[in-house]
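Here the protein sequences come in this chain order: H and U. For the first sequence, full-length UniProt numbering gives the first residue as 1, with consecutive numbering after it. For the second sequence, full-length UniProt numbering gives the first residue as 1, with consecutive numbering after it.
In short, the hints are calculated from the structure, not lab data. Note that the coordinates shown come from a computational prediction; the quantities given were computed from them, not determined experimentally. One or more of the hints may lead you astray.
What the hints assert, rightly or not - Facing chain U, a subset of chain H residues (Cβ under 7 Å, in silico): (1) Leu58; (2) Phe60; (3) Asn88; (4) Thr117.
Each residue gets a CB set at the ideal place from its N, CA and C atoms; glycine is no exception.
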Amino acid sequence: MIDLLASLGNWNWLILGLVLVGLELLTPGVFLFWLGLAAFLVGALSFVVDPTWQTQLLMFAVFAAAAVPLWRRMARRESSGAASPFLNRRAEALVGRVFTLERPIVDGTGTVRIDDTIWRVAGPDAPAGSRVKVVKADGASLTVATEP
Amino acid sequence: MTGFDIFAIAVVGLVILTLLAGVKTVPQGHDWTIERFGKYTRTLGPGLNLIIPYIDRVGRKMNMMEQVIEIPQQEVITKDNATVTVDGVAFYQVFDAAKASYEVANLTQSIVTLTMTNIRSVMGSMDLDQVLSHRDEINERLLRVVDAAVTPWGLKVNRIEIKDIVPPADLVQAMGRQMKAEREKRADILQAEGQRQSAILKAEGQKQSQILEAEGRKEAAFRDAEARERSAEAEAEATRMVSEAIAKGDVASLNYFIADKYIKAFGQLANSPNQKVVMLPMEATSMLASLAGIGEIAKATFGDSTAPASAARRGAVPNAGSKVPPPVPPQG
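The whole structure should be built from the sequences, with the hints applied where relevant.
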């Protein structure tokens with residue numbers, strides 16, 4: 001076992017990197033890609049300097065940990081440009097739209113009919129039939145303001 | 001193998017394990033809750049997420065897509081004590097993963113139970129006929145009640161549909177019979193109405209025709225009466241003129257008229273093609289006898305030759321009696 005680890009050369013690190021990146025394709029989302037990148041880096045550095053196998057292992061650990069902030073930045077940039085930001089966020093998609101009150105808002109709650117279902121809304125008291133605009137969505141509850 | 005060797009291997013193993021534990025990729029359509037020392041702290045949205053291993057732990061993996069659950073069959077007693085079997089479906093969506101995870105245990109079973117009890121209370125307050133014909137109303141009432149009830153659980157029930165309402169078999173049979181009877185009743189009524197209408201129309205026609213006929217008769221009678229009146233008037237006028245003439249002239253001239261008419265009448269009798277026997281009242285014969293010469297004329301008429309008749313007539317007239325006036329020469 002130790003012999004196997006001790007025999008880890010620069011080529012073996014590169015092979016390990018390829019295998020890890022390949023495994024990432026088969027089981028996506030398991031962070032193997034970054035481990036693969038770290039293995040590649042270790043292999044590349046081993047060509048330049050010739051560290052001991054223990055140092056190589058520690059280098060691999062450091063690179064793998066260092067991949068986290070790099071990946072975080074990428075993930076943040078990706079999520080800001082999502083193709084459909086309201087996917088599975090149905091209530092948020094209603095913000096800004098104007099509806100007609102189906103039942104009056106009494107003591108702060110009333111109902112509107114949206115997409116053939118009934119939504120309970122919160123807002124200032126208003127009679128049935130008045131127009132309201134959705135200003136905020138929190139979970140399944142909508143906050144509305146009366147629209148002139 | 002030195003301690004440093006083992007340390008290096010352990011560090012690499014730990015780093016890999018830590019990375020695997022700290023990096024969470026949440027698939028679209030799901031939200032994961034994060035518990036720090038067992039207490040909910042935040043919710044992970046879809047995409048790559050990072051948690052702090054050792055102190056954070058993924059709690060519940062909540063499906064944020066709209067989901068459908070079957071409401072199992074149950075027996076419901078309606079207001080008028082009919083037992084119907086009802087089942088349905090409910091569509092709901094989780095809007096708040098944290099509430100749906102921790103506010104309620106066994107989410108779907110709670111929704112099913114809530115819906116089932118509300119089906120019983122909504123349908124139990126309706127008659128069987130209403131239950132069968134007001135499905136939309138039932139759905140909406142259920143939706144309002146159940147949606148309000150699940151709000152604390154961070155859900156929204158979008159739709160509840162009653163799928164099947166099955167009344168017991170004997171009731172279905174009775175309903176079929178009722179429908180048939182109702183249709184038959186309508187048919188019978190329609191038929192009777194048609195017959196009535198036709199009878200009325202017929203009677204009216206008859207009445208109209210009778211009225212018209214009676215009116216015709218009345219008109220005819222009026223006209224007949226008028227004609228009789230007119231003829232009576234004419235007769236009276238004629239009589240008056242004759243009597244005037246008689247008053248002015250000789251009374252014996254009257255006899256001439258009588259004889260003339262008598263002879264004309266006989267002439268008509270004689271001319272009728274089949275009549276060869278003429279019955280004469282006794283009085284008439286005696287009158288004939290009294291009117292001497294008329295017998296001769298009659299003989300001439302009933303006889304065959306015309307020449308002797310005219311001769312006889314010419315000769316007879318002067319012998320006819322003192323009362324007969326001398327013949328008036330025909331004029332024109």
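Against the structure, the hints:
| no. | hint | verdict |
| --- | --- | --- |
| 1 | Leu58 | holds, 5 Å |
| 2 | Phe60 | holds, 6 Å |
| 3 | Asn88 | holds, 4 Å |
| 4 | Thr117 | holds, 4 Å |
Violated hints: none; the structure is consistent with every hint.
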